[in-house]
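**Q** The listed protein sequences derive, respectively, from chains Y and P. All residue numbers for the first sequence refer to the numbering used here, where the first residue is 1 and numbers rise by one. All residue numbers for the second sequence refer to the numbering used here, where the first residue is 276 and numbers rise by one.
Hints in this document: simulated from the structure, not taken from any laboratory. The beta-carbon is built from N, C-alpha and C at its ideal position, and this holds for glycine as well. All clues stand as given, with none of them false.
If you only want the chain Y side, here are some residues facing chain P, beta carbon under 7 angstroms, derived: (1) Tyr12; (2) Leu48; (3) Ser58; (4) Pro63; (5) Leu71; (6) Pro72; (7) Ile79.
Now the stretches of chain P that chain Y is said to cover, found in silico as 3 or more residues with beta-carbon under 8 angstroms: (8) 325-336; (9) 399-413; (10) 444-456.
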Amino acid sequence: MNTKYNIEELKYNLPDYISNSISDKELISAIETELRTNSELRGDLEELKSTLGFLETSKFEAPPNNYFVNLPVKINERIQVIEAGGSFLERLSLFWKILTPAIPVIILIGILLFNNSKNDTDKIQTNTDLNKIELQKEKTEPIETKNNGLKELQVKDSKNKTPSKEIVKQDNDILKATRKIQNNTLNENQNYIKDQNYIKEFETVEIPEIREQLSELLAGNIEIIEDSNTDEGVDVMFSGETDEESENESLDDEFLNLNLEQQKEIIDNLLKAQI
Amino acid sequence: MTKVNLNINSDDTEIIDAFNRGNQNAFNLIVRKYQERVYWVIRKMVLDHDDADDLTQEVFLKVYSSLKDFRGESKFFTYIYRIAVNFSLNHIIKTKKTLHKTVSINNTNVSSKDKKADEEMDAFERTKLLEEAIESLPEQQRAVFNMRYYESLSYEEISVIMNKSTGGMKANYFHAIKNIQKYIKRHRMSELMEQN
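Isolated chain P (complex conformation) (with noise of 0.2 angstroms):
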């Protein structure tokens, strides 16, 4: 058997090989590789750092014991994407989050005297207002939305990942902005209402 130098790098193919081979240091790999998309897939469909933590590592011990069964017909990205979504949706369906989230902000940075502190605040606020219009998406359209605007993947990747037709993530898309430009524009009318 010849010996492979894997690395970060590496083929997908080659480190799934390793891995199936008994190379317990592939699977590390695979996690090094991939744990900040994962990561970042999971946190922009369920909002709250904690949550996307517990996730991302169930993502991976999915991986872990599945990954004998991965056959290569899709992208080993794709794969994983669609554990990650997959557990995404089934935690937002069971917790069905009524309550905004709060994001957690440096108390050193906030002063209403500094410019430089108000500009931060904004940028919280910004935050804040695009994870509540993201959190009052149905599901679907909030992980084709995540896939699309912040990991840029193509249509005909999403609808493997979701099972769906190209058109129905187009739409998707489509209606995701929609509703996120609709609830901003709720938001600030009310926000001017309470000014006056």
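Isolated chain Y (complex conformation) (with noise of 0.2 angstroms):
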């Protein structure tokens, strides 16, 4: 074997060997060299012989006739098409192509925003509820303010020694008022902060019916709430009875005795039984 052409090169060249287009010397002797050893190089030979003879007289059929004279009036026609930017579909598409990518982008923009708008209106809620507390704690400081007023009264007279009974009782009665619709309103306060709690609550558990309940007596109470805020409700607590007021002050002062799990008990079994 030729050391210079190893076997697979050989082969390779055959079917250049065959069409005689091989200028090379060296590897056509090469070749020969090894045609005259190599039984299955002359295999290879032969096959390709008859391969490429078939080749020889099989032909394509043509393209039509006067196919390669319209042919360059086809490809002026679409140069033409693209110079003038395109067919209405192809511009079409272009703005497709444009608008795929940003669909999503627009989307995510709306979804963000509507959430931050949510967020907004959630805070308007959570602040409109703090500020009816709010209102609420308000409207008990004067009266606190007025009650540590007659406080002082009391200890100047008790330091004068010279108590008027008429003063007195008069001071006991306004005392005992105070206290009692600082109580009422504590209780109201209470009341409305569990209200919201059980709203949340009931409108995770969505029970249509008692959520409706709930909402007659919320109604209920915030009417109270209005009520007790006006001055002829404060007129209706200043003339209530003594007794009956010592026994729900002392009531009230067990009731701000207990712990807050003590009062929720018993704020929810009173909102119960009003159901």
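Two chains, two frames, a set of hints: combine them into the complex.
**A** See the structure below:
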């Protein structure tokens, strides 16, 4: 075997050897030498000759007449369309090419904006609730101040050791009435907060009937709160019976001494009793 | 600026320069000069005339849009050829045709009683068989076979077009012919078995 060319190289040059297209004489000589001794290579040569012979006799069907006359015209037409900025459909496809990646971005921005506006609404709602509680607190504060003033007066009177029975009675009445208002307002506040919790709980539980009942109850409570906030309400409190008031007072004190959980329980029971 | 009288036999560089200077007629010359070769390169790759027609137009549109970037590093025809081969290979890969192509036949030429018609039929059968055999080749072998057998391109030119080594192209050509031969042999054997 020729040392310059390996058998693979000689094999791959066989098609060119058949078609006499090898110019390298050394290569031709190497192939011929190998063919004399290598039967496998001779087999490859015969097969290739047969196949190339078949290929020579097989022709592809020619394209239609005048095809090559019309082809430059068709190409020019397409070039003109492109240079004119593309057909309507091509421009439309360009529009979609731009819009398609933009759609998810637009949707994302929309979702973000929607969430922001929703959060703002929630914040406003929370602020409204807090304002309501704050408002009620503020209403109790002047009464508390008044109460403190009376206490100071009492201390003064006791220091002077000249208590007037009428004044003391009046003062006691005012003090009791004030305490009652304080307690009522406190209860109302607790009820209000409790009601808000109930709303949230019932919203998650999703029991329409109970929700409806609770809504009715809440509507009643709000009315009560509104009524008690008027001057008329305060006047009514001032004109209440002393014994009943003292009883209420002791109950209120007891209630206030309870821990939060116990208070909650009592409020729950009261609410249920109202339903 | 001197006006050059261009015709289809003008040098490619002259035609391209004229095109880059804004002479639209220069591109028509390029089309007329190379359309048949480009068409046949593609046709022998994709086999179907309509597909070859579409792809030939696409190739020239590509040439039109990228001619200003042609630096003359290779022969202009090699440049067009590379585009044509790549378009054809992409088309073959995309379509992955499983059904064998049917070759249109002029019915007036077919008559079993007519000896001439029998010869025509035989030629038709051979062409059909050849198309099927070429279609059965792997894409790269098919491209190399067409370029070497039908276009008589040198292995150096093919290796530039395919961006592969010369030795690899020789091997591809050899295996392409062997595979065509195997296909034809299998086909003839199955025909014999059907007859028996």
